[in-house]
Amino acid sequence: MGQRTPLYQKHLDAGAKIVDFAGWDMPINYGSQIEEHNQVRTAAGVFDVSHMTVVDVAGNDACDYLRHLLANDVAKLDEAGRALYSAMLKPDGGVIDDLIVYRTSFGYRVVVNCATRDKDLAWMQEQTTGFEVTVNERPELAILAVHGPLSLEKVIGLLDANKAETVGTLKNFRGAELGDWFIARTGYTGEKGLEFILPAADAPALWNQLLAVDVKPVGLGARDTLRLEAGMNLYGQDMDETTSPIVSNMAQTIAWEPDDRDFIGREAVTEQLNQQGQGALPALTGLVLEERGVLRAGQKVITDQGEGVITSGSFSPTLKHSIALARIPINSTSCEVELRGKPTPVRIVQPNFVRFGKKVFE
Amino acid sequence: MSKIIDDLKYAASHEWVSVDDNGIATVGISDHAQEALGDIVFVELPEPGTTVNAKDEVSVVESVKAASDVYSPVSGEITEINEALLDAPETVNASPYDNGWFFKIAISEEADLDELMDAEAYSDHCDDD
Chain L
88 MGQRTPLYQK
98 HLDAGAKIVD
108 FAGWDMPINY
118 GSQIEEHNQV
128 RTAAGVFDVS
138 HMTVVDVAGN
148 DACDYLRHLL
158 ANDVAKLDEA
168 GRALYSAMLK
178 PDGGVIDDLI
188 VYRTSFGYRV
198 VVNCATRDKD
208 LAWMQEQTTG
218 FEVTVNERPE
228 LAILAVHGPL
238 SLEKVIGLLD
248 ANKAETVGTL
258 KNFRGAELGD
268 WFIARTGYTG
278 EKGLEFILPA
288 ADAPALWNQL
298 LAVDVKPVGL
308 GARDTLRLEA
318 GMNLYGQDMD
328 ETTSPIVSNM
338 AQTIAWEPDD
348 RDFIGREAVT
358 EQLNQQGQGA
368 LPALTGLVLE
378 ERGVLRAGQK
388 VITDQGEGVI
398 TSGSFSPTLK
408 HSIALARIPI
418 NSTSCEVELR
428 GKPTPVRIVQ
438 PNFVRFGKKV
448 FE
Chain Z
725 MSKIIDDLKY
735 AASHEWVSVD
745 DNGIATVGIS
755 DHAQEALGDI
765 VFVELPEPGT
775 TVNAKDEVSV
785 VESVKAASDV
795 YSPVSGEITE
805 INEALLDAPE
815 TVNASPYDNG
825 WFFKIAISEE
835 ADLDELMDAE
845 AYSDHCDDD
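In order, the protein sequence lines correspond to chains L and Z.
Numbering-wise, the first sequence is residues 88 to 449 according to our numbering.
Numbering-wise, the second sequence is residues 725 to 853 according to our numbering.
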C-alpha cells in the first residue's frame, strides 16, 4: 500500500482505477481518460493533486534566499498573491525540479513535485546556509485543482460570500489567502481554473460540493494529456538533472536581469545558451503527426540536422491526432519518426498545441 | 472485474474467438485486454484475403497508454474486417465482445482451436496476469 491523500476513499467511490505514482496510490482515471480530458476542455473537472509537496518559506531573508535558489526571480512578485513558475537548478544547470512559488503574507509558498520531494527538501534546506530563513513542508495540506471553461462559475457558486467575491476578482496567475485556505488562478491544463491549497480535513467536503454541481473527477491520465496539449513540461520526462532549461524550452523562465543576481546555475546556463546559439545544443520543440499512429516517449527522431528523441508523446483528444515534445537539433526543418518500423514524416511546431479548448499552432 | 463470455474461446494473448457453423471464426480482444489498454485511439486491421498462421501479428491497437499487437488465434484466410473500428476505435472499449470485433477468418487448421482456453481457464489466466 502506498501513501494516500485525504480523498482516497472519494476516488474509490467515484470508480477510480488506482495506480502507484511515486509511492502514492493515485487515480489514473475513473473510467475513460479521454472523456475526462474532454470534460476539462469543454466544462469543468477536478483533480486531486494532494500528493504534490507544499513548502512554506519565511524569515527576514526569504526573498534573498529564493533569489539565489531559483532561476526565475521572486523579486518580480511585487505583491502578495502573485505567482511565478521557475526551475531550481544545480550548479551545472541541470534541473532539480520545476515549481510554482506564490508570494504570501508570511513569505512565500512553493509547490514542488511529489516524485522529487526528498531531494528537493534536502537541497532547499542545504541552501539556507547564511540566510535567515525557515523552510517548512506542509504535509497536512491537500490540493484540489478545478479546471475548465465553466470552472470559475461553478466554484464561485459554492463559496461563501467573502471567498466568492475574492475568487471572482482574482486575476490569472494570482492567489489569495482566505483563512487557512489558499486559492490561486494557476494550473497545468491550458484552461482557466483554480487551485485550492487547504487543510486535509476540508478537502472531502469541497470534493463532494464540486461533484454535486457536475464538476467531474479527472485522473492523472487526463492530467498528462491536458498538460501535453498545453505544451507544459513534465519533470522527469521532458527535463531532469541531466538537462538544463536551455534544452528544455525553459530559457524564458530564467530571469537574466538584473545581471548581478547570483542564482545557482547562472554561469552554466549562460554558457549553454551561447552554445545553443552556435548550434551545439538541441532544443525542446513540438511535433505533430497528422496521420494514424501515436508518438511515444523514447522514440528516435531523425531530422535534417541529426538525431533527437521524443520526451513526451500521446494522442491528443482535442486535436484527434498525435502530438509530442521532442529534443532535436536546433534549426531542424524536417523530421521523421520510426513508427512500427516505418519512417514517418512529422511536422515541427512550437511546443504549444491547445489553449482554451482551441488549436494554437500553425 | 472484467467480463468473460462463457461460450467463447480465448488465447493467452487476450484475443477471443467465436466459431460459426461454416468454420468462420470471429476474433476480437477481451474485456480484460481493453480495460488494461485504456482508451483506444487507433486500430489497424489486416487486409481481407491475407492468409495467416496462428500467433501471427495481424492487427495493432493503439491506446492512450501504449501500442499493442493483436495475434490471430487460428490459421486461415482473413475474410472480413470490422471497418467501423477505423473511424470509431472507442467501440472496442465500449463493446469488446460485440460491435468491437476485429476480423473474421476462415479456419484452415481446426486443431488450432484446441490450443485455446475456455472461459474458466481464461479467467484463471487473467487472475495470474
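You may find that some hints are simply not true.
In silico lysine-lysine, DSS-like type, Cα no more than 27 angstroms apart, as pairs [as the list claims (entries may be wrong)]:
| no. | chain 1 | residue 1 | chain 2 | residue 2 |
| --- | --- | --- | --- | --- |
| 1 | Z | 789 | L | 303 |
| 2 | L | 163 | L | 97 |
| 3 | L | 407 | L | 279 |
| 4 | L | 429 | L | 407 |
| 5 | L | 407 | Z | 789 |
| 6 | L | 429 | Z | 789 |
| 7 | Z | 789 | L | 445 |
| 8 | L | 258 | L | 97 |
| 9 | L | 97 | Z | 779 |
| 10 | L | 387 | Z | 727 |
| 11 | Z | 779 | Z | 789 |
| 12 | Z | 789 | L | 177 |
| 13 | L | 303 | L | 163 |
| 14 | L | 303 | Z | 779 |
Covered by chain L, according to a simulated footprint, are these stretches of chain Z (three or more residues, beta-carbon under 8 angstroms) [stated by the list, open to error]:
| no. | region |
| --- | --- |
| 15 | 753-766 |
| 16 | 784-790 |
Cβ-Cβ distance ranges computed for the label pairs, FRET-style [what the hints assert, rightly or not]:
| no. | chain 1 | residue 1 | chain 2 | residue 2 | range |
| --- | --- | --- | --- | --- | --- |
| 17 | L | 245 | Z | 773 | 25 to 33 angstroms |
| 18 | L | 445 | Z | 810 | 37 to 45 angstroms |
| 19 | L | 445 | Z | 833 | 31 to 39 angstroms |
| 20 | L | 385 | Z | 841 | 27 to 35 angstroms |
| 21 | L | 260 | Z | 851 | 44 to 52 angstroms |
| 22 | Z | 847 | L | 167 | 55 to 63 angstroms |
Derived by calculation from the structure, the hints in this document are not laboratory data.
Even glycine gets a Cβ: it sits at the ideal position worked out from N, Cα and C.
Comparing the hints with the structure gives:
no. : hint                              : result
1   : Z/789 x L/303                     : 22 angstroms, holds
2   : L/163 x L/97                      : 39 angstroms, violated
3   : L/407 x L/279                     : 22 angstroms, holds
4   : L/429 x L/407                     : 21 angstroms, holds
5   : L/407 x Z/789                     : 15 angstroms, holds
6   : L/429 x Z/789                     : 20 angstroms, holds
7   : Z/789 x L/445                     : 23 angstroms, holds
8   : L/258 x L/97                      : 30 angstroms, violated
9   : L/97 x Z/779                      : 43 angstroms, violated
10  : L/387 x Z/727                     : 38 angstroms, violated
11  : Z/779 x Z/789                     : 23 angstroms, holds
12  : Z/789 x L/177                     : 32 angstroms, violated
13  : L/303 x L/163                     : 35 angstroms, violated
14  : L/303 x Z/779                     : 42 angstroms, violated
15  : 753-766                           : holds (count 4)
16  : 784-790                           : holds (count 5)
17  : L/245 x Z/773: 25 to 33 angstroms : 60 angstroms, violated
18  : L/445 x Z/810: 37 to 45 angstroms : 26 angstroms, violated
19  : L/445 x Z/833: 31 to 39 angstroms : 53 angstroms, violated
20  : L/385 x Z/841: 27 to 35 angstroms : 33 angstroms, holds
21  : L/260 x Z/851: 44 to 52 angstroms : 49 angstroms, holds
22  : Z/847 x L/167: 55 to 63 angstroms : 59 angstroms, holds
Violated hints for the displayed structure, listed by number in ascending order: 2, 8, 9, 10, 12, 13, 14, 17, 18, 19.
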